[in-house]
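Protein chains in written order, with my numbering: chain A, 531 to 862; chain B, 531 to 862.
If you are wondering where the hints come from, they were derived from the structure by calculation, not from laboratory data. Be a bit skeptical, because a hint or two may be false.
Heads up, the list lumps identical chains together, so a pair's fine if it works in one copy or across two of them.
[To be verified] Computed list of lysine-lysine pairs in DSSO-like fashion (alpha-carbon distance at most 30 Å, straight line):
#1 Lys552 / Lys737
#2 Lys860 / Lys620
#3 Lys696 / Lys674
#4 Lys797 / Lys817
#5 Lys797 / Lys552
#6 Lys852 / Lys797
#7 Lys701 / Lys797
#8 Lys569 / Lys797
Protein chains: 2
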Amino acid sequence: MKAQQILLDSRPEGMPATTNFKLASIPLADINDGEFLVKNLWMSVDPYMRGRMIDRESYIAPFSIGEVLQGGAIGEVIESRHPEFPVGSKVSSMLGWRSHYVTDGSEHTRLPDTPMSESHFLGVLGMPGMTAWTGLNRIAELKKGETLFVSAASGAVGSVACQLGKLMGAKVIASVGSDEKAEHLLSIGVDAVINYKTSQNLTASLKAAAPEGIDVYFENVGGEHLSAALDNMNDHGRIAVCGMISQYNDTAPTPGPSNLAMIIIKKLKIEGFIVFEHWEHYPEFAKQMGQWLASGAVKAEQTVYEGLEQAPDAFIGLFEGKNRGKMVVKLA
Amino acid sequence: MKAQQILLDSRPEGMPATTNFKLASIPLADINDGEFLVKNLWMSVDPYMRGRMIDRESYIAPFSIGEVLQGGAIGEVIESRHPEFPVGSKVSSMLGWRSHYVTDGSEHTRLPDTPMSESHFLGVLGMPGMTAWTGLNRIAELKKGETLFVSAASGAVGSVACQLGKLMGAKVIASVGSDEKAEHLLSIGVDAVINYKTSQNLTASLKAAAPEGIDVYFENVGGEHLSAALDNMNDHGRIAVCGMISQYNDTAPTPGPSNLAMIIIKKLKIEGFIVFEHWEHYPEFAKQMGQWLASGAVKAEQTVYEGLEQAPDAFIGLFEGKNRGKMVVKLA
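With the rest of the complex left out, here is chain A (with noise of 0.2 Å):
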């Protein structure tokens, strides 16, 4: 039996190309006692990715070149010789970029049934959802009737941010690149959503937007979109640094912004986080996340790719802003 895999086959100069990705196909070996066959059934494809797309140090190692990508995945065990792990199981794991592989089942973990597709468990249900909700509880710390906004607010962290800012009390200011997508933000009860690629001057246009001030930044994207926040903060406003998505494809230094001494006079606070180390929480997030899908106070938003092959475009198309809500591939 064959596996389809995408391989890493040149680092990525500027804006990711296809010619970056190769497609192989290798042989699977049988599986052991204590082993099972995975096929997997949904890929996950996030802007993170592009960092470890860079030969640096970082909190995850880079991906190596002439090697299979990694990324989340949902899969279903087709052939089994693990107890825990029998036919039909569906697992989540960081085994994506593949159609099938061998595992001892370490790292994986079997899903819950749901009524929902279990793609989700790469968008609202995990890590995305998870970040959204880490970012404003546990990082931010947005409390009722404070002013949140949220850039890249239709990406698969976004989308959840805003909804989850509604949900806790807030008024919610959304950036976004299209017309289409500040639209259907607006029709989820987001209270202002600003074209960043149409606005004359994002400073300007955030100020319109909460003339009462920004208490929260929740930031993905850096870059003149952070100038703009800082200068609308209100005193002692947080700012939960998810991403800086603007800033990922550069191939030169980028300045930053010229108003960093807002810091002081508005005494911000500022903060990077990564997911994964707030992973203990996963259960409670899952919880509340679970019970607001169910009575559809959040919304899951994805965009599908279809076939393996499509990942390496999927990928690139989330820096052309292709996607809303989480982008996924399903495999064949």
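Please build the complex by placing chain B on the supplied structure of chain A, with the hints as guidance.
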């Protein structure tokens, strides 16, 4: 009777010049019941005053053109019709930049008796000392065994931050602008000192001084210093942002560091603070600091200019690195 005062004559563009200031003489009214007459003995010049010379919204109101400047001062009551401030009392106020004044005592504090010069209530025992203590204890929460980096380490706040860092059991790395200042800091126990003016590469100099990485950065400077600190911070490092003196005289916006993504990669916390918001802890600070000064554990350092007419030069000297420790002006 006449008082000498220094007025703000024009707003500085870039580096302040003596022409931005004007010496004036005004008649003083006789004192009424409930008032007293103060002769200032010492006045403070501090970098934050530069911000008040700009006409903008901030945590403290801007100075007005043609009005007498304000700043910390220590004076002696020389005539009194106020029972709580008899002749001979030493008082602390924000009414510097003038030789004499009449007051009803509001926002005045009587100084306790001390074997030290009262001038130190403008420095190590006053706002700058309290700023260093607050930044390390309450904002960055420096712990024993950690590595602390202090910029502008020879200044009023920095020189106290270095000494407190050692008392708290940290390894202390400092940056200053002259070899003479560097040698002095080494002589009082700082572990390594960088002269940023002769360093070819601040990131590399900091890495050489602290190959184990920086846990806490006490930020007084901004710009390249912040960038070098971000590059050298350890995971979960904290940056207490007290000032960004490198930018106070900028006439155009200066871009910030290009490596702000380190905030995410290293999960850093950056927090700006204003010491006045923490003033309820002043008694605790003053008790500790009084003991350290008495035992010689902390050395009070100051640079003294003489005469009210020298106050503008003393203030300008702050931005030229002319002070070691607290810059004060001794009034005639």
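Structure-based check of all given hints:
Neither within a single protomer nor between protomers do lysine 552 and lysine 737 lie at most 30 Å apart by alpha-carbon distance, with minima of 46 Å and 38 Å respectively. With identical chains, the CA atoms of lysine 860 and lysine 620 are at most 30 Å apart within one copy only, with a shortest distance of 15 Å there and 78 Å across copies. For a Cα distance limit of 30 Å, the shortest separation of lysine 696 from lysine 674 inside one copy, 9 Å, qualifies, whereas the shortest one across copies, 42 Å, does not. Taking the closest pair of Cα atoms, lysine 797 and lysine 817 come within 30 Å of each other only across two copies (26 Å); inside a single copy the shortest separation is 35 Å, beyond that limit.
Proximity of lysine 797 and lysine 552 under a CA criterion of 30 Å is satisfied in neither setting, with 49 Å inside one chain copy and 33 Å between copies. For the identical chains of this complex, lysine 852 and lysine 797 are inter-copy neighbours only, at 28 Å across copies versus 37 Å inside a copy, given an alpha-carbon limit of 30 Å. Both within a single protomer and between protomers do lysine 701 and lysine 797 lie at most 30 Å apart by alpha-carbon distance, with minima of 22 Å and 27 Å respectively. In this assembly of identical chains, the alpha carbons of lysine 569 and lysine 797 never lie at most 30 Å apart, being 51 Å within a copy and 35 Å across copies at closest.
Hint compliance for this structure: hints 1, 5 and 8 are not met, and every other hint is.
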